[in-house]
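K.L.:
Sequence:
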Amino acid sequence: MIIHKNSRRRSLLLLPGATLVLAAAAPGAAAGAPGTSLSPAGHRFSAVAAGPVVFEAGPIVVTCAASSSLPGTGSRNTIPDGPAAANPAGPVAVRIAPPTFKDCTTDAPGLRVAVETNEAAGPWQVQLQYGTPGTARLSIPSGGFVLKTSGLLACTATAAPNGPATAEGRWRQEDGPAVLLERAPIPVKLEGSFFCATSVTSATITAEYTVRNTTDPARPITVGPSLPG
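Letter 130 of the sequence shown, counting from 1, is numbered 131 in our numbering, and no numbers are missing.
Treat the hints as calculated values from the structure; they're not laboratory data. Be aware that a few hints might be false.
[What the hints assert, rightly or not] Taking lysine to any residue pairs in the SDA-like style, the calculated list, with each CA pair at most 20 Å apart, reads: (1) Lys103 to Gly152; (2) Lys149 to Ser200; (3) Lys190 to Ser227; (4) Lys149 to Arg173; (5) Lys149 to Pro186; (6) Lys190 to Ser203; (7) Lys149 to Lys190; (8) Lys149 to Ala109; (9) Lys103 to Ala67; (10) Lys149 to Pro99; (11) Lys149 to Pro188; (12) Lys190 to Ser143; (13) Lys103 to Lys149.
Produce the entire structure from the sequences given, and follow the hints as far as they go.
P.N.:
Here it is as structure tokens:
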């Protein structure tokens with residue numbers, strides 16, 4: 002995970018630690034993109050932040066010490082079986098459990114921070130694309146990520162306020178499978194008092210999520226080329 006300190010000079014609310022970068026809605030696979038296949042089919046996986054996650058929206062900088070998306074009931078965090086595990090023309094999408102964010106803080110005294118995620122307006126997904134480098138896009142449903150501060154200053158930041166948005170990052174296969182997000186922008190709506198910088202309409206998030214096979218830990222999750230049928 003990459004932590005950026007340069008935002009401190011403009012912070013009203015400052016959260017050191019985790020950097021989470023959310024990108025604006027990304028288009029589909031580029032023309033000529035190679036096919037993609039995921040394996041092992043049917044296996045479940047976890048995605049756990051390897052370090053802190055940092056969310057920046059204008060003068061607001063929040064750091065969360067821990068974040069994860071874990072398999073639960075249903076098909077969330079599961080590599081698809083059969084044809085759905087491969088796409089000869091682009092990325093493969095996998096539904097995931099909404100990530101949780103814990104121990105979120107700010108450098109500003111007298112402030113408390115809470116982050117809530119939900120899938121009331123649609124699913125959270127990760128879209129994985131084979132390539133050099135591979136790409137990973139985190140799809141967030143409308144209003145699926147809400148950050149609130151309380152105490153001396155009460156502000157609410159809602160990601161993807163007007164529709165689904167995508168945080169664009171990179172897939173790392175070597176040195177252990179991981180999704181890397183580095184200062185990816187995403188639409189955001191800030192509400193609260195004058196000091197909440199309500200004119201801000203985009204935010205960034207930076208994080209490194211380690212992806213582990215929870216069905217068979219000895220077999221890594223792999224993003225590879227789509228093979229001819």
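K.L.:
Which constraints among the numbered hints does this structure fail? Numbers only, ascending.
P.N.:
3, 4
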